[in-house]
Amino acid sequence: MIPNKVRSHLVQNEDLIFEQSSPGKNGYQLPPLDVPEVDPAEALGAANVRATIEDFPEVSEVEVIRHFTRLSTWNYAIDLGMYPLGSCTMKYNPRINEAVARIEGLAWAHPYQPESLSQGVMEVTERLEAALLAITGLDAITLQPAAGAHGELTGILLVRAFLEAQGNPRKRILTPDSAHGTNPATAGIAGYDVQNIRSNDQGMIDLEELARAVDTDVAALMVTNPNTLGVFEENIMKAADILHSKGAMVYMDGANMNALVGIARPGDFGIDVMHLNLHKTFSTPHGGGGPGSGPVAVKKHLEPFLPTPRLHRKGDTLTWDYNRPQSIGKVRAFYGNFGVLVRALAYIYAHGGPGLRNATVDAVLNANYLRHRLRPYFDLPYDRPNMHEVVFSDDRQSAKGVRTGDMAKRLIDYGFHPYTVSFPLIVHGALMIEPTETESKRELDQFVEAMIAIATEVDTEPQTVLKAPHMTRTTKVDEVTAARKPIVRWKR
Amino acid sequence: MNYPENYRYTKEHEWVSLEGDIATIGITHHAQEELGDIVYVDLPKPGAAVEKSKTFGSVESVKAVSDIYAPVSGEVTEANEILGANPEKLNEDPHGTAWLIKVKVSDAGEFSHLMPASEYQTYVGAES
Chain A
1 MIPNKVRSHL VQNEDLIFEQ SSPGKNGYQL PPLDVPEVDP AEALGAANVR
51 ATIEDFPEVS EVEVIRHFTR LSTWNYAIDL GMYPLGSCTM KYNPRINEAV
101 ARIEGLAWAH PYQPESLSQG VMEVTERLEA ALLAITGLDA ITLQPAAGAH
151 GELTGILLVR AFLEAQGNPR KRILTPDSAH GTNPATAGIA GYDVQNIRSN
201 DQGMIDLEEL ARAVDTDVAA LMVTNPNTLG VFEENIMKAA DILHSKGAMV
251 YMDGANMNAL VGIARPGDFG IDVMHLNLHK TFSTPHGGGG PGSGPVAVKK
301 HLEPFLPTPR LHRKGDTLTW DYNRPQSIGK VRAFYGNFGV LVRALAYIYA
351 HGGPGLRNAT VDAVLNANYL RHRLRPYFDL PYDRPNMHEV VFSDDRQSAK
401 GVRTGDMAKR LIDYGFHPYT VSFPLIVHGA LMIEPTETES KRELDQFVEA
451 MIAIATEVDT EPQTVLKAPH MTRTTKVDEV TAARKPIVRW KR
Chain B
1 MNYPENYRYT KEHEWVSLEG DIATIGITHH AQEELGDIVY VDLPKPGAAV
51 EKSKTFGSVE SVKAVSDIYA PVSGEVTEAN EILGANPEKL NEDPHGTAWL
101 IKVKVSDAGE FSHLMPASEY QTYVGAES
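Chains as they are written, first to last, in this note's numbering: chain A, 1 to 492; chain B, 1 to 128.
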């Protein structure tokens, strides 16, 4: 059965805006000039003035509106249906967040406003800091980083600053082989060598291998918990003890925090420093709708190194403290992506503590439901109860010549966004699926039916899957030629 | 697949052949098969130093970007120029014309510690 799903209906092609241009056309008729004319070359200098802009599109207002509206109908969006992208936590962005972010005093606040006129927005910041510290169980937090990877870099720079203050920044960062690719990249950018730690057959950090790897040259372990297999690192406290016994720290990539909020606090299981993805766990827009936000929370010993300025309350008054001699400095202009912070606080307050806990429970339940329904059809290399996401492999299908990427493309025809393909790397031909708490059983069942239908097609009509998608305006693209011989600039 | 007997191999799926003190380094048939269609190859320039077990370049396929690790230490004397315009050669002839770099080795002893063809073939068989 093919689920009855929404699809964008405009399938006509659309010229580029440059190709729709006709000379002399414009959006508005301006009245005749009623002030003395100024020669731009004289006012700005001849070098700064050009007579024509090559290929500048000249179109009417309605042409602009239709062009971009048509393009937007080619997109898939969380407001159209499920986005099962594992590792991305593509949950619904509640409208209450948007309503709150548009409150005049918040939307129009300017970072150069004096502190006396900014007490309200500063209180938003203070309240969000308090809420995130309560959720993580850590001692201090910066809201400046603008994304998850930015948060990672900030966190590892804090580790480095702390170790440098003790006299030795150390040399290596350890990352498990299931890590997000940004973890080793972060360590490299922060000036550390990266050492890979192999997972055991249960998809968790191998404690014996970890113990062998940790010495006084190791600055930190970067760990995602639950990890990218959707498995909770049960031995995280033992792992933290191994690191701490050699004076090293544990960094937690909080990308999968959606599985822990209200249930377990990283501060309680040995984490020294971590980032949160407000655009994942706390429902602010992402995937092109961003911008992101990656606050970094730390234990007390790292607090002196946090970016400037730090928020301080003196009685009834909030102030920014710039006098932070040990700080790593600023990592972002002003105070982070403030509009995103407002949305995250709105989400937290709209749910309340018990509501956030329910969201976590539902996210884990949904992922386990998908694992249970789909395991008869797809191989499950790490077959154990999962947290917020589940990772299958395409072993059964690739034996018939159909790979994870092909099935993901076919999913588009069934009205769903593709799941995450070929990640994590430790699962060959991975299908990584994260439903989040957003989805109802009805939507999950439709997704399951689509996946079963695709698994059946692999057996009965593999060409249908291999040549997918069929229902989109642009069908399968030649990714190899596009990558080998890219055309990066439009030419007439 | 035929893995040349006179080459030595690494667990990271590089091969190396040695003539005098000049080593030729490439990636194996198994590596290119796992990577899929290769679209870009990033290599060091002649004169650059490479260190055993450290990364010296990367290979990008439609699926992923993978680091390449030096099987031996030394100084790069030549990087294979055909790969710049024709990265697909690495899929077609990984053990031959699509070698990556030539290196003047600083310690020929490193070569003999690498896996011979038979051992590599067993290793690849066990991994897959």
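The hints are simulated quantities; they were obtained by calculation from the structure and are not laboratory data.
Mixed in with the good hints, there may be bad ones.
[Said to hold, decoys possible] Derived BS3-like pairs (lysine-lysine); straight-line CA-CA distance at most 27 Å: (1) B:54 x A:467; (2) A:171 x B:54; (3) B:104 x A:485; (4) B:45 x B:104; (5) B:89 x A:476.
Hint check results:
1. B:54 x A:467: Not OK: residue 54 of chain B and residue 467 of chain A at ~40 Å, beyond 27 Å, violated.
2. A:171 x B:54: It holds: about 15 Å lies between the C-alpha atoms, which stays within 27 Å.
3. B:104 x A:485: violated, 33 Å
4. B:45 x B:104: Holds - the C-alpha atoms of residue 104 of chain B and residue 45 of chain B are around 13 Å apart, at most 27 Å.
5. B:89 x A:476: holds, 24 Å
Going down the numbered hints, you'll see the structure goes against 1, 3, while the others check out.
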